[in-house]
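Asks: Chain by chain, the residues:
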Amino acid sequence: MAEPIQARLFGPGLPPQGEPVHCQVQENAIVISAGGTDLHQVVRLENIEATVGGFDHDQLQLQWGRDAAAYMLIPRDKHEQKKLVDALPAHEVRGLKRWKAATWSQSFVWRSIAAGVMVICLAVAIGFWQYDRLAGWIAQQVPMKTELAIGESVLKSLNADARYLSKGSAVEAVQKIGDRLTEGSRYKYRWYVAKDKQINAFAIPGGIVVVNSGLLEKAGSANELAAVLAHEVQHVEERHALRNMIASAGLAGAVLLVLGDANTAIMIVAHQVSAQYFNRQVESEADIKGIELLHKKNIDAKGMVSFFRKMKAEAAGRDAPVWLSSHPDTQNRIRIAESYIAKRPCPTCANLEWDKTAVMQEVARIHRAEDQTDK
Amino acid sequence: MGLNYKINGNDMQYAQILLEPQQEAIVEQGAMMYIGQHVNMRAILGDGSSSRLGVIGRFWKALKRSFTGESMFSSLYENKTDSPQVITIAAPGPGQIVPINLDEQSGTVICQKGAFLAGEKGQKIQLAFQKRVRVGLLGGEGFIMQKITGSGIVFIHACGALKTLTLGPSDVLKVDTGCLVGMSSSVRYDIKYTGSLKTSLFGGEGLFYATVSGPGTVWIQSMPMNRLSKLLLGAALTGKGSKAGRWYLFGVVIFVLYTLIMAGAPPQ
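Line by line, the protein sequences are chains Y and U.
The numbering of the first sequence is my numbering, which starts it at 1 and goes up by one.
The numbering of the second sequence is my numbering, which starts it at 1001 and goes up by one.
Chain Y with its partners taken away, still in its complex shape (with noise of 0.2 Å):
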């Protein structure tokens, strides 16, 4: 015998807050009694209809009768109210599988809320957790079209035209060594000698090289060349100026959701695009990739440290080079570089010939040219 569920017993001739009392469920009726008065009733489960109930919509209210003899029998509590559901047989009260599907779905609707919340949460917290990485993976699913689309533009707005060269002994050697370097690439290379005293080099997306005039005039041999090309060269197979992109573009986006204001956001990306800098990671990366590609193309790649070593000794001498500033410590480089050479060591490798007389030949009438219109 199953013990006694409380309730509460509504019904004519019944207090209005309803009439504490003790049901049981037997095979085919409920037996309703309530101590101390001779209140008995047994009422048959199949004159029962299950209800949805109270404030929050998840009590069970079982009425019978009607109008005026209308009855209703409501649990005391949660407690009670699921040892009365348990105890109810479901396919012999009317309504009891309704009463669990709507009460069954009111919390799921509030689960499922709280669930999305969450996810949501979650994915913004994990968004700013990797977002280096979450901006890398989209950069990978943007098609080449685009990219070389973007690479087009960029190099239009850098005013290629008038400020680079295309032809001559300069771009041949640099397109010589960097063909061999790029061999078997998925991107169709151009490279360009830009006008220009600097010493700087970079990669625009879609396979665009730019080296400047006053980094051939100081890199002492094609070996240094090569390197400088392979570092350049690695930011464009990672795709990492695009990466770049995205990471300001959703920087953007989250600005111009906060504050609303598109100015800044579209500085944010503008400032991100002409200037092509990347963080310490990124230009690590590359620098490891570098060395990996030209020992892939056996090509020595001692030349990566003997360039990074002449342009630490130029910054601490005059204003430093414009390729280290946006660089990491260049002491650091140097240090991973070598480590990173004496672990794997290319017994293999060789140096690269060009022909050095020809380009600085070159180099110094671009410089004179340059000078004579700075004039």
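Derived from the structure by calculation, the hints contain no laboratory data.
In this text, a Cβ means the ideal position worked out from N, Cα and C, and glycines have one as well.
Misleading hints may appear alongside valid ones.
Calculated lysine-lysine pairs in the DSS-like style (CA-CA distance at most 30 Å, straight line) [claimed, not checked]:
1) Y/Lys297 to Y/Lys218
2) U/Lys1192 to Y/Lys97
3) U/Lys1147 to Y/Lys78
4) Y/Lys97 to U/Lys1131
5) U/Lys1131 to Y/Lys100
6) U/Lys1174 to Y/Lys97
7) Y/Lys78 to U/Lys1174
8) U/Lys1121 to Y/Lys100
9) Y/Lys78 to U/Lys1121
10) Y/Lys197 to Y/Lys176
11) Y/Lys167 to Y/Lys197
12) Y/Lys312 to Y/Lys302
Restraint-style ranges between C-beta atoms, simulated for each label pair [stated by the list, open to error]:
13) Y/Ala87 to U/Tyr1193: 35 to 41 Å
14) U/Leu1197 to Y/Met118: 48 to 54 Å
15) Y/Met118 to U/Ala1263: 49 to 55 Å
16) Y/Gly13 to U/Asn1226: 56 to 62 Å
17) U/Asn1010 to Y/Ala102: 51 to 57 Å
Starting from the structure of chain Y, add chain U where the hints point.
Replies: Below, chain U alone, put in the same frame as chain Y:
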């Protein structure tokens, strides 16, 4: 031992409570009209109930309470003398003060935001969150209501005249949204569409009405605060009663005529 009280006044009421020795009453802040010389008054956090989380738990409770239209603190009036003392509590606005005996409502009533005025020590004012989205959005009471639990007398206040109705198990009442002040915990509160576009547009009762179904007790107000304030503000600004309804109808007629004419015109 319940409170000994008397409610005075017609439209702007106040309750006069005779505090027996050692009896305490919690009153909404700022509701006191006058109290006897020997009545002690203290500000307490929330409703003064303790929490197993200590001060933080009590603060959290008070914060939740403050979302139900009450202030975070309430005033506790205690009679430390050996003779009965008088405290009087004024309603914060026009309307009626209704005493509810919680013992007759199986210990719980759910009221609209800010309905609580005063009660015996030990009663709790909690936040009752409307879990059904459509009722919360369209029911006229919002998502947050007050759940008053405990025993003894609690005074609630609402605008206009208050009607107490006891519903039997099969009774259903249609109530204008916003007119519901309180209900006992067994009452089912829902909303219903008025049924026809014509009625909902021109009936003046809105698109939905609330339904309350028994068993239990419901309290209904004749004049919700927002309706009263709208009426008074409208009259204060124009110097007349609201005439907006007529112009609105005029606009509807013109719109209908316009669409009929446009529909009849040959396509360009």
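Asks: Which of the numbered hints are not met once you compare them with the structure shown?
Replies: Hints 8, 14, 16 and 17 not satisfied by this model.
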